[in-house]
Amino acid sequence: MIARALARAQIARPTVRAVLAVALVAAAWLAWSPGTRFGLVGAYGGWRYASIRLLDVGLVPLAVTGALAGSGPRERRLDEHLRTLGLSPTHLVGAVAGSGAWVGLAVLAAWAVGAAAGGWLRAVVIGGSGWAGPTASSGAARDLLLDGRLVVAAALVGALGALVGWLVRRDDLAIGAATLLSIGYLPEWSAALGRLPVTIDALAFSPLGAVRVAAFADRGLAAPGYARPAAALPFGAVLAAWGAVLVVAAVPRRTRRRSPRSGVATTATSGAGPGVTSRVPGLGAVRRPAPVTVVRGTALAVAVAGTLAFGAVVPARTAAALPWRWQRSWRDAERAGWSSPQTVDRYLQALRSTPVGDPAELVAPSGAVDPAVVASIPRATTVERQPVESMAGPDHVVVRLDFATPIVSGSTAFSSYLIRFVLARDPDQRWRIVGAEGPVADGAAPAPGPGGS
Amino acid sequence: MLPSSPPIAPDAARVAPDPAGASRSGRPAPVGPWPTAPPPGVVGRALLPGVAHSRRWWAGVVAAWVVGALAGVAPAAFAGYPPPGLAASALLGALGVAGLAPLVVVPLVAVIVCDDDHEQVAAAWHAVGVGPARRLALRTGAAALISLGLLPVGALAGLVAAIGLATTGADPWSPGWSGGPGPAALGLGAGLLVLAWVIGGLVAAAAVTPSRAVLVLVSSWLVTGAVASLVHFSAGLVVAFRLMPWAPLWPFDPGSSDSAQFAASIPPGTRIVVGLLWLGVLSVVAGCRRRSTPYPIPGERRRRRP
Numbered sequence: 001m002i003a004r005a006l007a008r009a010q011i012a013r014p015t016v017r018a019v020l021a022v023a024l025v026a027a028a029w030l031a032w033s034p035g036t037r038f039g040l041v042g043a044y045g046g047w048r049y050a051s052i053r054l055l056d057v058g059l060v061p062l063a064v065t066g067a068l069a070g071s072g073p074r075e076r077r078l079d080e081h082l083r084t085l086g087l088s089p090t091h092l093v094g095a096v097a098g099s100g101a102w103v104g105l106a107v108l109a110a111w112a113v114g115a116a117a118g119g120w121l122r123a124v125v126i127g128g129s130g131w132a133g134p135t136a137s138s139g140a141a142r143d144l145l146l147d148g149r150l151v152v153a154a155a156l157v158g159a160l161g162a163l164v165g166w167l168v169r170r171d172d173l174a175i176g177a178a179t180l181l182s183i184g185y186l187p188e189w190s191a192a193l194g195r196l197p198v199t200i201d202a203l204a205f206s207p208l209g210a211v212r213v214a215a216f217a218d219r220g221l222a223a224p225g226y227a228r229p230a231a232a233l234p235f236g237a238v239l240a241a242w243g244a245v246l247v248v249a250a251v252p253r254r255t256r257r258r259s260p261r262s263g264v265a266t267t268a269t270s271g272a273g274p275g276v277t278s279r280v281p282g283l284g285a286v287r288r289p290a291p292v293t294v295v296r297g298t299a300l301a302v303a304v305a306g307t308l309a310f311g312a313v314v315p316a317r318t319a320a321a322l323p324w325r326w327q328r329s330w331r332d333a334e335r336a337g338w339s340s341p342q343t344v345d346r347y348l349q350a351l352r353s354t355p356v357g358d359p360a361e362l363v364a365p366s367g368a369v370d371p372a373v374v375a376s377i378p379r380a381t382t383v384e385r386q387p388v389e390s391m392a393g394p395d396h397v398v399v400r401l402d403f404a405t406p407i408v409s410g411s412t413a414f415s416s417y418l419i420r421f422v423l424a425r426d427p428d429q430r431w432r433i434v435g436a437e438g439p440v441a442d443g444a445a446p447a448p449g450p451g452g453s
Numbered sequence: 001m002l003p004s005s006p007p008i009a010p011d012a013a014r015v016a017p018d019p020a021g022a023s024r025s026g027r028p029a030p031v032g033p034w035p036t037a038p039p040p041g042v043v044g045r046a047l048l049p050g051v052a053h054s055r056r057w058w059a060g061v062v063a064a065w066v067v068g069a070l071a072g073v074a075p076a077a078f079a080g081y082p083p084p085g086l087a088a089s090a091l092l093g094a095l096g097v098a099g100l101a102p103l104v105v106v107p108l109v110a111v112i113v114c115d116d117d118h119e120q121v122a123a124a125w126h127a128v129g130v131g132p133a134r135r136l137a138l139r140t141g142a143a144a145l146i147s148l149g150l151l152p153v154g155a156l157a158g159l160v161a162a163i164g165l166a167t168t169g170a171d172p173w174s175p176g177w178s179g180g181p182g183p184a185a186l187g188l189g190a191g192l193l194v195l196a197w198v199i200g201g202l203v204a205a206a207a208v209t210p211s212r213a214v215l216v217l218v219s220s221w222l223v224t225g226a227v228a229s230l231v232h233f234s235a236g237l238v239v240a241f242r243l244m245p246w247a248p249l250w251p252f253d254p255g256s257s258d259s260a261q262f263a264a265s266i267p268p269g270t271r272i273v274v275g276l277l278w279l280g281v282l283s284v285v286a287g288c289r290r291r292s293t294p295y296p297i298p299g300e301r302r303r304r305r306p
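Listed in order, the protein sequences are those of chains A and B.
Everything in the first sequence is counted per this note's numbering, starting at 1 for the first residue and increasing by one.
Everything in the second sequence is counted per this note's numbering, starting at 1 for the first residue and increasing by one.
Take these hints with a grain of salt, some might be off.
As the list claims (entries may be wrong) - Here chain B is said to cover these stretches of chain A; the calculated rule only asks that three of the stretch's residues, wherever they fall, bring their Cβ under 8 Å from a Cβ of chain B: (1) 171 to 183; (2) 300 to 308; (3) 317 to 326.
To be verified - Here are some, though not all, of the chain B residues that point toward chain A, as calculated from beta-carbon distances under 8 Å: (4) V160; (5) A170; (6) R212.
Read the hints as simulated data drawn from the structure, not as lab findings.
From the three backbone atoms N, C-alpha and C, an ideal C-beta is built for every residue, glycine too.
Just chain B, with the same shape it has in the complex (with noise of 0.2 Å):
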């Protein structure tokens, strides 16, 4: 039982465990079974059931499965072209989860990441020799693993769809490949994933509590969508627009979606580098965080020390 513990002081969060038994600093070395910190294989299959029985892994299921049944029938339903095939409609299913991830997964690794802060076994790390920043790596690793899991759910979600589909009759249907995905789509879904597990990461470094990290994520699209629309409406918000922190990650281009209020022309040197000035500031914001508090108790204020 840790809450009542101590916030342990930030330098010696970044004591190396030492084999021999002391630190550099010769202060004594942190003790426990194991002699090295746990590999991420480790951390992510100790960490699958206690998250698979977690409400969020089922929410996530969710979101994931109504996600994977609307791009299951996408292309007929809402692009105008031909029903595609069976195993299409999975790949589809699937890759609408990639492709969503800054949605649907970028949370769920946030708040997976945030647990050992916000449960207050972070300390509990650090007795086994894994600082704060390994600890939220291996985290996120583990997090990103448990994510993988939401990509089959999406494709069975469109797989049972675009059966639905097939069964009204109203175009022959195929089992195989035809209108699936080509492979630039397949390399942006997996791109997206990636990202999203890494500012998934990141943003739970900087939030600590899981509550944090998802009001900050729902602050974050609601902004990014409202200033979005307004550009309609005064053309002066472009710049504005383009500095919003999903901006890079903006899918409506007037080339390709007809919403007059939503879509936005965004260059790509624009898009890289204000995703990259957005992920910049969210390394630094964590980074201070961790290093002022390494192992921050979530409801108490630090004290200044004498």
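Chain A with its partners taken away, still in its complex shape (with noise of 0.2 Å):
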């Protein structure tokens, strides 16, 4: 009943109630756009594409109305009103936790009516069922098993967002502590988080992704390509040890002690923040002095550990999976003026100057390039290099040939031609032409009257 009432008390206030239409709106516009190129047209067609999506793109509002739902008691001061009225710490934290999971499911009822509006709004313009389209559905019991695991996990969330919230005490950190735990299930971090899979493997792990995994049997991400099956059990198991964690760090721990200025007894909550001094017996009017010191120096000692840690490993794992560009061995070779496009470049400054210079240490012992590419580069009258960052990779240079007058084959004339050059990196890290492919005609120029060349 209180966590009914303390969550009734959130949905009155205008933050939560502007989350929720945000999350409505964004629901309303996930069914309306994408989901009905596949036919998801309608009410119920719109909330089969769209639900799924409150765990990723939802996850944040729904942490973070979870987390104002724990967090507003506290700033409030409400829970010392409450436990002045003899409720016990332990059930205040599980009222709150309550409350934040039924703040969770009033989340999820704003996206399932932002989903089907969505959906039915596309029937109404593009025409279809109202409700549903033919391929909507996957069978009654699957759409139920996947409906049920939604409304359990948006609970979840809720709860484990309104512990967070209870922890940090503030409205404005709590905000930020659920959009960070929340926001590495944007899609649009997937292609950031693929680089380095060990990430997307460490954010399963975490206190929302273990809830997205336990839902959806998957520990990978949202965006197409990221699907990872994985069992839901252990996630499951990984999910309730943050949900005892976070309780044992939520519930204070009483210690009786005697105050030192009227010789009552009072209790000690260690779980009371700094400069709180509440008269309010059992509320920490008493408490001993926090070893402000012994605490920040273990910090400040675990902070530099893990720093060192951090700077002894990661950055050369990060290093290995950057794009080809990026890599240190690319700008080693730009730098000595030995990567693929400076040596495609030599190589044709070379056959196009006069006298014709000689390009034998730009290509590789082993390779060779075909007479016809040879013969046709001091013939065009210019030649362009691809920009590096048209390239596909670094093995690959195209080259494109340009012909003031046209060179005919059969009844067609041709303006321009592409040459593919190919290299590789040598041992002493230069890179090296080992093959050639084309010319391959790319422009046809108008064609030629008779007795042209």
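Dock chain one against chain two, each of which comes alone in its own frame, and use the hints as you go.
Right under this line is the structure:
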């Protein structure tokens, strides 16, 4: 009952209502735009498509409202009033977590309404069933199972968010913490996280990540191509562990001691924040001074050790996972003037210079360039090498040859040709040409008149 | 204790204190121990101890530490360059905090500036002759002063991360400035820091409560990032993206980033115009908000006066 009352109070807050409105609009947009391409029109069709997005795009508003449900009573000292009325700390934390679960269900409801509205509006605009298209449902049993999982997951995310909010005590910090916990599952991050697959694995072990894996049996990301089927049960255990950790941290430890001033026995609450000097008996009116120096010193030592380990381990791994243009070897080759486009530039310059230079050192001993390629390069009016930004990889460089006088082949005249150089890196880190493909016609010129050559 | 105090009338808030004891409008001037408003330095020094013990300061310290550690090894980890010298890494760490000031410093400044309204002690400033605009400016200056403390944190983190990188022995290390940022980068960082202070102060003036300020900032970041990622799939959204609140500071340019999803080219002129536009919008919203309710009380709605 207290949980529901706290949840109702939260939903009455303009800030929480604004987040609920954002969730509704986001779900409507998701159901409106891409889902309908697959025939998922109609209210139920929109829900079927957008429902699972609650645990990626919708995870942020879900976690934020849950966190506000936890921090709100704390910041407004409502917890002290409830404890004055006789509520035990354990029950109080339970009520707050329960209110977070209820608020999570409210977000789920807003999401459902938005998704259904988006799907229905799409059906009105483009036609089709106002309820669901023929491909929307994958069977009543599977739909119900997924919906049930979503309901439980929404409540769990809300409850976990509430516990986090309770621990951080302030609304602003609660919003920040909830955003940090949930932002990793936004589809926009998928490409960035995909470069370091270990981050996807780590994300699955985060509190909200564990909820998502347990709900969908997938420890991947929301974006296409990042699905990683996983057993739900182990991650259910991870989720339970996170819940236990948060509950233990949230429930204050009670230690009775004597007040030095009044001599009245009071109960000190280790969960009380700095500067909180409640006069309510049992709420931490008298506290032993926190060993601030020890705590800060330990925190600093842990931070320094962690950062040293980070510096020793992570940069090498991230550097190895970088795209080729950001690789150390590529930078070194560029600096030495032996990157693949620089080699091709010098090769072209050697063949087009007068007198013709010797490109032998630019071609690998094992490589060979077709005589047709060698002959075509000096004859071209202009030569243009593709920019580095448009290269698919370091080992292929495309060159375009433009001819002022079109070359006639049969009944067609061509004014430009493409040559694709294949390069390989030598042991001395120099890129050398190992082959060339082409020239192939690229641009046709106007057909020549009779007698043209 | 001020929570139960009625809101002060808007016109009363604009009454300037008069040394003679009466304002120009004939009403009694605010009485206080200070004959004039406290100078900015006093405000900053007074604010420092309170904020330094608060959780948001420590949250800012953690964020600055993480950013500084990443920035300190960024050339080797994310750009394919040799590891910078230790001193350069420290400078890179501080520069990383300044460069990410829109993400790290803006929320810190905003929530600190919101304190007076949120704790409902804004009227106390009025009692010492400080109006809403000056109070917000003083508070912003003090918060800016406090946020400068994050730079050494980032520098220390960058230094420690660089020492960790040097211990691997993969590259020869140097204690000097090799691989450090140039003057242009330092100037850009300083500019971003100042801009972050301005944005933080304006967001606070418009949002009133810390939670609302953080929510506004988080929403603006997410919306800007989401629209930027959609531009890759729908080129028609280019104009919409350029009008996003953080588009003027968008760092991912096609020339310097290979992210097809997030790299977007925005001409410098567009950045300046859109940035000024958003600063103007924030200023107008903040001005209107403060003109209508100089001392808003969070959680209470204004009642229409008969």
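Evaluated hints:
1. 171 to 183: Three-residue rule met by the region 171 to 183 of chain A, so holds; n is 8.
2. 300 to 308: Result for this restraint: holds, n = 4.
3. 317 to 326: holds (count 6)
4. V160: Constraint on B:V160 satisfied, holds at 4 Å.
5. A170: Since chain A brings a Cβ to about 7 Å from B:A170, closer than 8 Å, the hint holds.
6. R212: holds (6 Å)
Of the numbered hints given earlier, the model fails none.
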